[in-house]
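Below are the chains, spelled out letter by letter.
There are 2 protein chains.
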Amino acid sequence: MLQIESELLLIIRSVREHMSETQKYCVGIDLGGTFIKFVALGRDFRPGPTLQLPTPVQEGPDGVAKRMVAGLEQLMQSQRLSREDVLGVGIGAPGPLNLADGIVVAMPNIPGMENVPLRDLVSEGAGIPAVLENDANAAAYGEFLCGAGLGARHMVLVTLGTGIGGGIIIDGKIYHGANTFAGEIGHIIVDPEGEECGCGQKGCLERYCSATYIAKRAERMIRQEGRTGKLAELLRDNGAITARDVQLAAEDGDKFASEVWDSGMYFLALGCVNICRLLDPDRIVFAGGMAKAGDGLLGPVRKHFKQLHWSLTDILTKIEIAGLGNDAGVIGAAGVAWNAFD
Amino acid sequence: MLQIESELLLIIRSVREHMSETQKYCVGIDLGGTFIKFVALGRDFRPGPTLQLPTPVQEGPDGVAKRMVAGLEQLMQSQRLSREDVLGVGIGAPGPLNLADGIVVAMPNIPGMENVPLRDLVSEGAGIPAVLENDANAAAYGEFLCGAGLGARHMVLVTLGTGIGGGIIIDGKIYHGANTFAGEIGHIIVDPEGEECGCGQKGCLERYCSATYIAKRAERMIRQEGRTGKLAELLRDNGAITARDVQLAAEDGDKFASEVWDSGMYFLALGCVNICRLLDPDRIVFAGGMAKAGDGLLGPVRKHFKQLHWSLTDILTKIEIAGLGNDAGVIGAAGVAWNAFD
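For the record, the sequence lines run as chains Z and C. Sequential numbering of the first sequence, starting at 2, is according to the working numbering. Sequential numbering of the second sequence, starting at 2, is according to the working numbering.
It should be emphasised that the hints constitute simulated quantities derived from the structure, not laboratory data. None of these values were measured; they are calculated from a predicted model. Cβ coordinates follow ideal geometry from the N, Cα and C atoms, glycine included. You may find that some hints are simply not true.
Sample of chain C residues lacking proximity to chain Z, with all beta carbon distances greater than 10 Å (derived) [stated by the list, open to error]:
no., residue
1, Pro-193
2, Lys-293
3, Asn-327
Facing chain C, according to a computed beta carbon distance under 10 Å, are these residues of chain Z, among others [stated by the list, open to error]:
no., residue
4, Val-157
5, His-177
6, Phe-342
Beta-carbon label-pair distances, calculated as ranges [claimed, not checked]:
no., chain 1, residue 1, chain 2, residue 2, range
7, Z, Lys-203, C, Gln-225, 25 to 35 Å
8, Z, Thr-35, C, Asp-102, 50 to 60 Å
9, Z, Ser-79, C, Gly-195, 54 to 64 Å
10, Z, Lys-307, C, Pro-97, 17 to 27 Å
11, Z, Gln-53, C, Asp-315, 32 to 42 Å
12, Z, Pro-50, C, Glu-197, 53 to 63 Å
So here's chain Z without its partners, still in its complex pose (with noise of 0.2 Å):
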């Protein structure tokens, strides 16, 4: 009888656990130059809808933690969650941070924001732990989490846009390396002997096939070698390019398009084939405006990395486009809440 009871109590116990597990939940805020995203999740890993503010920019840093905290209430108030029901929020911004302290150091489209500790201003005005992320890792985290990298243990996410960022998850954890600046994949150098960046550094990955430096080659090309084609006319026309153009261009045929773009996606895949050799993850990820491309990026990047990469093994990572699109950055916060708080 004595058995039978104490086995009763703890069935019920493991019920009333799963009950309170179930209804708790991590809120994702993704910090951006314009506006600010809030989203829920819960224990499934299944995002909840996201709530988007813009950001109040001319109201600086308090007035931007005050909009976080405010979309954070409004968004538990509209899915009915209480203090209670939530363990914690993650905040994804822009680079610098000082991660263990939660400080943003530098945001430079937000005036003053310099040396903000905005972790815990978001933490005390909201009354709930939070914690902080650099926003490229809270997306390698979303893609990690419900996205493209579902089911990987190791991925590496290949942000695209006017430069190239990236993140790394190691073993179902975001990895920061020793000082926080691992993932800097842009910043492989390609060519010792090439262009100066930004950076310091000659040859960098992103002079080579970001989609600023996309546009840019073409725009040079046709200003210096005197290349036609629809690009020259768009130029003409529009006093300016994109790598979109250069893209839907290549697509439509055009052979100097198409030299360009395909010049940019070798590049995007000697890259993938470096990030192989020294982290052999089970995935590498596109993600950023240049990834809506899909298969226009894909294509040809597998191509040259089934050229580039070596014969002594199969070929055993996957690359793929996100699938999160601009969502990614805001549950991969949420989730690196879970991880903190849980």
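On the provided structure of chain Z, position chain C as indicated by the hints.
Quick look at chain C alone, frame taken from chain Z:
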């Protein structure tokens, strides 16, 4: 009174556990083509004296496994260790290996060593659990635990010999990658238009700075470009040059030798910069034959590293020479066993 009794009991138990803990050991075995090495490592990670036996190459896989068991027993006897004192055995062997199943897939210098379940042969022969690890990874772990990596959290070992290999330690553990191919530092591509490598890629790092290629480059420049100096004399007298010859002649002020050596050190530094951009380790440690050059290697590598490194942050990764010499592998193998069986 009851409380004091129970506290005393706790103290007695803790002392007992500690006593039995300090008596436990793991044994490392490093299998090479010429010698097999053995060492016992206590919980204090201070390695005991090593035992070295010739590898009975002509006796095939079974003979090699028997020698490993015999050496293990000899080591245990000489250090008065019973079977109960040894928690486990770590075996370091050259790749390719199937780590999960403890199988040596191939080892060209031992006839018949193909798909041999070496881990189980040793474990069953000795009656002690065993674990298999790649020898470069074991060496990295050895340096991390007891050598130049002491105090680091993330460390990369670069072995400089015939080729360039490596091992990555992340958060104090060997990082294998998704398919056990991580840390192939010698096959980072540094010049995609460069020389073909045996691996099927072009312009791999080891084609520019391994001992083999530094010597080859000097020979080629003497033969094809008619370069003169000490190395040309050595080549005429001996019919061959080694990387060590190049380094010593460079230290003696020979101009041509300095040029060749410095070029190798430049590429080594380039590899280090790319390691930092991706992994941001606390430390990069050089091991292998070429590392015997000591400051003759560190000086020029650090100089080029400083010049190639970005200016966004100070240089925070330290570059050092391995501290355990040829014992890193066997000590690390014992460490791997601690990790597996403690």
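Hint by hint, here is what the structure shows:
For Pro-193/C, the requirement that its beta carbon stay farther than 10 Å from each beta carbon of chain Z is not met, with the minimum near 6 Å. At the 10 Å boundary, the C-beta of Lys-293/C stays outside the reach of chain Z, the nearest C-beta of that chain being 25 Å off. Remark: the non-interface label on Asn-327/C is consistent with the geometry, its nearest Cβ contact in chain Z lying 25 Å away (cut-off 10 Å). Annotation: interface hint on Val-157/Z holds; nearest CB of chain C at approximately 9 Å, less than 10 Å.
For His-177/Z, the shortest C-beta to C-beta distance to chain C is roughly 8 Å, which falls under 10 Å, so the interface hint holds. With 10 Å as the threshold, the beta carbon of Phe-342/Z stays out of range of chain C, its nearest partner Cβ sitting at about 20 Å, so the hint is violated. The hint said 25 to 35 Å for the Cβ distance between Lys-203/Z and Gln-225/C, and at roughly 28 Å that hint holds. In this structure, Thr-35/Z and Asp-102/C meet the distance hint of 50 to 60 Å, their C-beta atoms being roughly 53 Å apart.
Taken as a hint, the range 54 to 64 Å holds for the pair Ser-79/Z and Gly-195/C, whose Cβ atoms sit roughly 58 Å apart. One distance hint, 17 to 27 Å for the beta-carbon pair Lys-307/Z and Pro-97/C, holds here, with the actual separation near 21 Å. A beta carbon spacing of about 38 Å between Gln-53/Z and Asp-315/C agrees with the range 32 to 42 Å that was offered as a hint. In this structure the supplied range 53 to 63 Å holds for Pro-50/Z paired with Glu-197/C, their Cβ-Cβ distance being about 54 Å.
When held up to the earlier numbered hints, the structure conflicts with 1 and 6 and fits the remainder.
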